[in-house]
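Student: Here is what each chain is made of, one letter per residue.
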Amino acid sequence: MKSVGLSWEPLVLEPLVQFVSTPEAGAVSSFLGIARNDNAGESVSALEFEAYEPMALKQLDWVAQGILDEFSIKKIALWHRLGTVNVGEAAVAIVVSSAHRKAAIEGCALALERLKTDVPIFKKEMFLFSAPRWVANR
Amino acid sequence: MLVNLLAFAGVKDALGTGQRSLDMKPGATIEDLIERLCESSPELMDLKVSLRAALDQEFVPLDTPLFAGCELALFTPVGGG
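Chain order of the listed sequences is A and B. One rule links them: number in my numbering = place in the first sequence (from 1) + 882. One rule links them: number in my numbering = place in the second sequence (from 1) + 287.
Please keep in mind that the hints were generated in silico from the structure rather than gathered at the bench. Owing to the predicted nature of the structure, the values given are computational and were not obtained by experimental measurement. Hints may contain errors.
Claimed, not checked - Cross-link-like lysine to any residue pairs, in silico, SDA-like; alpha carbons within 20 Å at most: (1) Lys998/A x Gly368/B; (2) Lys940/A x Cys357/B; (3) Lys940/A x Leu342/B; (4) Lys998/A x Gly915/A; (5) Lys1006/A x Gly303/B; (6) Lys998/A x Ser337/B; (7) Lys998/A x Arg339/B; (8) Lys998/A x Pro364/B; (9) Lys299/B x Asn1019/A; (10) Lys1006/A x Ala301/B; (11) Lys998/A x Pro348/B; (12) Lys998/A x Leu338/B; (13) Lys1006/A x Gly368/B; (14) Lys335/B x Arg1015/A; (15) Lys998/A x Phe346/B; (16) Lys299/B x Glu935/A; (17) Lys299/B x Pro936/A; (18) Lys940/A x Pro348/B; (19) Lys940/A x Thr363/B; (20) Lys1006/A x Leu338/B; (21) Lys940/A x Asp343/B; (22) Lys299/B x Met1008/A; (23) Lys299/B x Met332/B; (24) Lys1006/A x Thr304/B; (25) Lys940/A x Phe346/B.
Claimed, not checked - Derived, one-sided and incomplete: chain B residues facing chain A with beta-carbon distance under 8 Å: (26) Leu293; (27) Phe295; (28) Ala296; (29) Gly297; (30) Gln344; (31) Thr363; (32) Pro364; (33) Gly366; (34) Gly367; (35) Gly368.
Glycine residues also receive a C-beta, built at the ideal position from the N, C-alpha and C atoms.
Given only the sequences and the hints, what does the whole structure look like? Please build it.
Tutor: Here it is as structure tokens:
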């Protein structure tokens, strides 16, 4: 079972942990990608995210389903923010449950890697002392 | 044939709009459409090497033929996560 989505509101981890938790799951692995205040020495004030929303939702679902199919996963939650994300706020939240730790940890990591290449979400960095610019994942 | 173009991120900035309709000749590819956009929006030239495309919400290579009524999305590499 999966929960995926795009949110204009701050992401909160606890409801996602509750969603993936089941009596059969002995492991829950979570990842929060947080907006930080620096990029290569430049002071970042916030991040702005936009998406090709219908396709991004399809791709988030594809990423989540792939993790469910490839690992012994019980449940996965995969959510991304849109709009302004202030420093310290989460831009992405991934939570995965499984019977044992290996599948949960590896599934969580692979979901993030696929999200970073195959989901049409775009990030603009807002700087304190220079003009904003779009940033691609490395 | 009419193509519905959606532009995101740097492509939207270069074109000055996120959506427009273009009339393309039958058999035209995404590359042909990009060439045409570059004529009117030279800023797009700087992004050409990194452009990605989705046709009706599926990632496709840039030599993919367009078809009447399709939805073409153009964008720079993704930045989510």
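Student: Does each hint fit the structure? Answer for all of them.
Tutor: Outcome of the hint check:
no. : hint                 : verdict
1   : Lys998/A x Gly368/B  : 6 Å, holds
2   : Lys940/A x Cys357/B  : 18 Å, holds
3   : Lys940/A x Leu342/B  : 14 Å, holds
4   : Lys998/A x Gly915/A  : 11 Å, holds
5   : Lys1006/A x Gly303/B : 16 Å, holds
6   : Lys998/A x Ser337/B  : 16 Å, holds
7   : Lys998/A x Arg339/B  : 14 Å, holds
8   : Lys998/A x Pro364/B  : 9 Å, holds
9   : Lys299/B x Asn1019/A : 18 Å, holds
10  : Lys1006/A x Ala301/B : 15 Å, holds
11  : Lys998/A x Pro348/B  : 19 Å, holds
12  : Lys998/A x Leu338/B  : 16 Å, holds
13  : Lys1006/A x Gly368/B : 12 Å, holds
14  : Lys335/B x Arg1015/A : 17 Å, holds
15  : Lys998/A x Phe346/B  : 14 Å, holds
16  : Lys299/B x Glu935/A  : 15 Å, holds
17  : Lys299/B x Pro936/A  : 17 Å, holds
18  : Lys940/A x Pro348/B  : 19 Å, holds
19  : Lys940/A x Thr363/B  : 19 Å, holds
20  : Lys1006/A x Leu338/B : 17 Å, holds
21  : Lys940/A x Asp343/B  : 12 Å, holds
22  : Lys299/B x Met1008/A : 17 Å, holds
23  : Lys299/B x Met332/B  : 13 Å, holds
24  : Lys1006/A x Thr304/B : 17 Å, holds
25  : Lys940/A x Phe346/B  : 12 Å, holds
26  : Leu293               : 7 Å, holds
27  : Phe295               : 6 Å, holds
28  : Ala296               : 4 Å, holds
29  : Gly297               : 5 Å, holds
30  : Gln344               : 4 Å, holds
31  : Thr363               : 6 Å, holds
32  : Pro364               : 4 Å, holds
33  : Gly366               : 3 Å, holds
34  : Gly367               : 3 Å, holds
35  : Gly368               : 4 Å, holds
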